[in-house]
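Chains as they are written, first to last, in the numbering used here: chain A, 10 to 281; chain B, 107 to 373.
If you're looking for bench data, these hints aren't it; they were derived computationally from the structure. Treat each hint with caution, since some may be false.
Claimed, not checked - Computed Cβ-Cβ distance ranges for the label pairs, DEER-style:
1. B:Val331 <-> A:His177: 26 to 34 Å
2. B:Val302 <-> A:Asp71: 29 to 37 Å
3. B:Ile367 <-> A:Gly115: 32 to 40 Å
4. B:Pro159 <-> A:Glu12: 45 to 53 Å
5. B:Leu151 <-> A:Asp71: 53 to 61 Å
6. A:Asp162 <-> B:Glu282: 23 to 31 Å
By construction, the Cβ of each residue, glycine as well, lies at the ideal position given by its N, Cα and C atoms.
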Amino acid sequence: MIEVKDVYFTYPNGIGALKGVSITIQNGDFVAIMGQNGAGKTTLVKHFNGLLKPTKGKVLVDGVNTRDISVARLARKVGFVFQNPDHQLFCETVEDETSFALKNFGYKPNIIERRVTWALNLLSLTQYRKTSPFMLSGGERKRVALASVLASDPKIVILDEPTIGQDHQQKEKLRQFITQLRAQKKTVVIVTHDVEFVAECNPRVVLMTEGKIVADGRANKILTNYNLVTKASLVPPQVTQIFMKLSDLGLPTNVIDVYEARKVFLNSLEGS
Amino acid sequence: MSVFDGLKFRKVSSPVHNLDPRVKFFFVCVLFVVAVMFFQLLPLLVLFFVPIPFVLVARVKREWIRSLKGASMLAFIIFFFNFIFNYIYNEYPNIPSASLIEYSVAMTLRFVVLVETFSVFFLTTSPDLLGLALEQSHVPYEFCFAFTTAVRFVPVLADEAQTIMDAQKSRGLELERGNFLKRIKNYIPILIPLIVSAIRRSLELAEAMESRAWGATEKRTNLYVLRLGKTDYALAFTSIFMLVVAILVWRFVPIPPLSVILSFLQL
Ligand SMILES: Nc1ncnc2c1ncn2[C@@H]1O[C@H](COP(=O)(O)OP(=O)(O)O)[C@@H](O)[C@H]1O
Ligand SMILES: [Mg+2]
């Protein structure tokens, strides 16, 4: 469980990136943190594994204040996948890359071997085991970065902008993958402004603007609230936009999912 | 990375920002030369205060102090080594003399003077103006361009290094762990991604430049041309005056150590 209690954060250059943020993320939650560029999303999630410590207020991870524990220790519990895989890949082979965190945490070789095999298999990277990560494509490098974090089997997984620069197929894979993580009762936090991606997953949405949380609730509630969404410089999902335009037909305006939309639409056609 | 912050230029207008970069650079060089000429505490102490009015006028106090803080560790090391080695060679096993302490402080102060003047210079001079100054001093354009690009990418690289450090810490890397050799090895996971991305960035830059016909014309002209104004001449003359005075003092005036002056004042 992550508890953020009235956190303020100011960067050394004087920019106040968080201004009184409070939020609780329960075990097994699936949360999408959304908002425009510079809203403070990355700053907030960097507090979850102690990379940043609040200027004021506190952050508790499973009841432990992030001030009292090192990032390296928290990292066993909280896996953080950065936006750009090129910011972390440095080993000669994908295998070494995947075992880096495990070695840092001091696991035994046989356990490392097992975990690496498991993680590479999970992300369909087994064939690249002995390949240099620098030889892989962008999407594959992103998956290596993901594998290297998941290999240590953290309870909480944070993904910063996981869909940027990914084609539709890769996004779909990512979605299935998140579903898998959720089935394993993991807490998943994604940072994104990809409205369509979030609409397909229907997680809990936390909307941020200018260092504050302005809304918190299920995706089908938040993303269909036109005023809220535009205030955060986003647009409602396309399906919702259509339904909003068709509201004089008596159609509901809180639909975000294509399948649900189809059902609602067919029902209303039958009714008339 | 706070040392780099002290060199980061931000575009504002102030009398110091508007000075001609060539004159400003000349002034910095004079301070530099004078600082190296003297090894006594008194003149270095005077030099220490010279850049401060510039900092106040340019309103870059916070950034400037940050760069000094960033250099404080190195300053301490300089003091420590000067003191220890001179003590062991010259005075051991007597108690250290006042002049030895004074000398070590002076050497440290010399370093601080160099850092503070360079910090003011880079904080108040835009890389573009600097490149322009080089160009008008008949340095080949390729060199000017390489120089301005390098300067411009320092803060970008510093930000990137921070992100990479965060990413590796999130994978359990502990930079501060182990003995000296291990600590150096700890930086490999930071350096490799940093270098790879710098190379990738430079290749991208080269492609972008070529696609915009870089080097197509032999003779370049500039939209802006640097011209010396009144304040520029004033600073130039001040610099020359300072240099002359410093040389005269250095040549003809014996400078008493601070301890002597203090005891003289007490009498
Ligand atoms: N390392 C940093 N130093 C100074 N300011 C920063 C740094 N990182 C982010 N900021 C500033 O903090 C604010 C929030 O940034 P960030 O959390 O990255 O936003 P988001 O991830 O929502 O786009 C922005 O105004 C940004 O300019
Ligand atoms: Mg971000």
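Structure versus earlier hints, numbers of those that do not hold, lowest first: Those not satisfied are hints 1 and 3.
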